[in-house]
Amino acid sequence: MILLAARNPIIRWSYLVEQSDRIQGAIVEHLQLTLLPVTIGFVLSAVLAAIGLRYRWTVGPITLFAAFLYTIPSVAFFAVLRTTALGTSIFTVLIPLTGFTILILVTNILDGFRAVPAAVREAADAMGMTPARRVITVEVPVAVPYMINGLRIATVTIVGLVAVAGIVGRGGLGNLILEGLRRQFWTPLTIGASLSILLAITLDLAYYLLGRWLTPWSRTRRA
Amino acid sequence: MSALLAQRAVPRETTLWEWFTDPATWSGSGGIVVSLGDTVLLCVAVILTSTLLSVPSAAYLAHRRLAQVSSAWLVNMGRALPTFAVAALLVPISLRGGYGFEPWPIFIALTLLTVPPMFLSTYVAVKEVDQAAVDAARAMGFTERSVLLSVELPLASTVIFTGLRVASVQVVATEPIRAFLGGDGLGRYIRDGLGQNNATLTIGGTILIAALAGLTGIVFSATERVVKPFGVRRLRTDRGPRPGESDEADLMEVPEPGGGDHAAAGRVR
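Same order as they appear, the protein sequences are chains A and B.
Residue 159 in our numbering is what sits at position 159 of the first sequence, and the numbering runs on without skipping anything.
Residue 23 in our numbering is what sits at position 23 of the second sequence, and the numbering runs on without skipping anything.
It cannot be assumed that every hint is accurate.
Covered stretches of chain A (chain B as the covering partner; in silico rule of three or more C-beta atoms under 8 Å from a C-beta of chain B) [unchecked claim]:
(1) 162-170
(2) 179-187
(3) 190-196
The hints are simulated quantities; they were obtained by calculation from the structure and are not laboratory data.
We treat Cβ as the ideally placed atom computed from N, Cα and C, and that holds for glycine.
Same shape as in the complex, but just chain B (with noise of 0.2 Å):
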């Protein structure tokens, strides 16, 4: 277990400044660079399963209309697990399997806390593509899948993209709990530091996975503007409820009809 192996001792004294500029911070084993690597591609790994897991489901059955109330449940009830609790749970039984302590686990309790909110956020967001624009496609003699490739999922993009973004947010500042279940990654540096009440450790990983987590914010927000769609760019923007406006919302209360109108009322004031 590699959170038992006694990594280069940092002394109490050192202080943040000298930390972060002592070239053995940074490399080896327990460096930065590769705790950082770690983290890395343990959350890549989970977004990119997460959205194909959440995404083509979602539009699938919001363009067909088809099991509002039991994803909605299953929405409800996959945001109910506790992240932790799901990795902890799984510890003992990936140990059994032959498996360690690491990555399945931690994996899979990432997983289970992003497929919901995406799930949820493509759902709304097809679900709530401007009827007039489907039936205009329809009327042209779109396929039901062209519809949704070409359409909808466009017209969507824009709230998709926020809901990746607030979920791979999530996942990057959630992961360090795996250096508490037997792996390591950034978090490391925090566990290392309550451990030896080492407060440059502590802070210093706090600083790490708080860059980490804001850059990954930055970075989705640069790509949304590129790869949003040409048609979609040219949409004036201030139609409809703004993007990421339907993040917490629940399946079953907004998709009402209404919806426009909550906005209007919103400017009336």
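The shape of chain A in the complex, shown without the other chains (with noise of 0.2 Å):
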């Protein structure tokens, strides 16, 4: 038992200069097909929150159907991709990937647009400005927070998610856990669990900092 740890420990520093060439493209990789999933997400569901502020009986259906992208499981939503025509594409990992991003992103947008006071909207009629402007200039800056909190929020969760994509081959560092879960050599699954868990901490800070450099009057708003 003690040689064998000896021969397979948790962690075997070497690895990291001699497969770093790997791990660097399983960093890139799974940050690539976490921020993709994450920018189209957030594209299709500013479209999404935009219907339903406009015509609001849609928000009931854009909800419910965002709710059951999200509650799909992720693995089952991977393998069954793979099964079809799209075989092992990035389509496979991207398709389920942005749809979990939907439910996150659209309540957010909608909450940060439903937080504009009427009282503000109605006093930016009052000034002269035309619908467009009043949302540009007025609406979207109360609205920006929540947007960032979504967004961090469909980061993390993504992020997560990736790993899992490695069922299906493309998972970025999710390829190194597996690769130590099936070689039971414990060293890529170390570096591909930590290096995962700190990827999303790190992003849940960046998104945190970009969120107060944005919006430096919700600092004082907090008191």
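With the hints as a guide, bring both chains together as one complex.
Right, here's the structure in full:
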């Protein structure tokens, strides 16, 4: 047992140097597979939220549809697309990941625009702003903290799910984790898992700082 | 390691219908009955554990208005933890300790997944209870304990229960990763289907998991109606924010005093 532990430690540090290209590649792929679905998801959600705000009756169906997408078990979603014509193409991973972001983003964007006090909106109208100008200069700034919050939760969630996408061979750091499990060689597993946790925490912090930087007024409002 | 034990091979030509109607699919150690049992057992254990860990503590802290900032931080940090990575990281540690592949790594990871949202929804729900009701109870001589147990918790119960339902569906939907961590459960069919390039197994497993997740949501929605406190059932439902709306809300953002005004502003539109 002790001998075994010596041969297969939780982490063998030399692996970091020997396999540095692979690890870097995995990090880059993980980041791409995180940021791409979140970006696409944000654009789709903005459109859906705009529809919801314009035609209020659509909010229910949109939320229901987004909630349905969100509850599809990730493992199942990836695996089923793998059996279709999409195979191991990037879409097998991108479609589920994008789908998982919609609920979080739409809810937060809608909350953001609903947070605009009616008096503020009326004041903007009374000042003679066109609706488009009112939305851009008055409503969007109010909604920004909510949007950032949505992006933050969505990004962190997707970082975790990209690792699961490793089961269809496109999971960035998840590939390292699964390789480690398959070969029962703990070094790639530990590196893949630790780095993906680190990535999630780093991105979480980055959004927090971005939010503070974009909305300096919210800092004083808190008190 | 059970994953390596060869199960009765399912030929690729087998159709879904044939697979589901074959009695051998259901029975035996790798059958649906046993796998479903494994999955349900783990999910129930996780949900009970995280309810006990999060609801009482969140309710108490919210009642006392304690730890607002630190719990917001904890919840945010907890939410950033990727479940699969956490479970994987625990596997070698569990093996070293002689506890095997299962069930501790996946149990701990799933519990960490559900505690933050449940804590958050309970905290916000108790905190958002109409202050007038709480003041009235105090004025009537309720002890702080009774205020929490007989006023705040019943009034918050709808939102707490919604949080519980969302978290439980999340657990059922995430549990299949266990099959890729040296365990079994319903995820085994997806794992084997992918490994053997057998679409029937993959899709069959997906149907089972999706059905269980859907059923979980339905069971909770039904239970919600039954266990709703009598007094709360008589309240008009159109007052205040809709339950569940605070799901993804930030602890530090939402509890603004103007919360009610947002709803009003929405209606004016």
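Status of each hint after checking the structure:
1. With a cut-off of 8 Å between beta carbons, the stretch 162-170 of chain A has 4 residues touching chain B; three or more are needed, and the interface restraint holds.
2. With 3 residues bearing a CB less than 8 Å from a CB of chain B, the stretch 179-187 of chain A meets the requirement of three and the coverage assertion stands.
3. Given a C-beta distance limit of less than 8 Å, the hint that chain B covers the stretch 190-196 of chain A holds, as 5 residues qualify and 3 suffice.
In summary, this structure violates none of the numbered hints.
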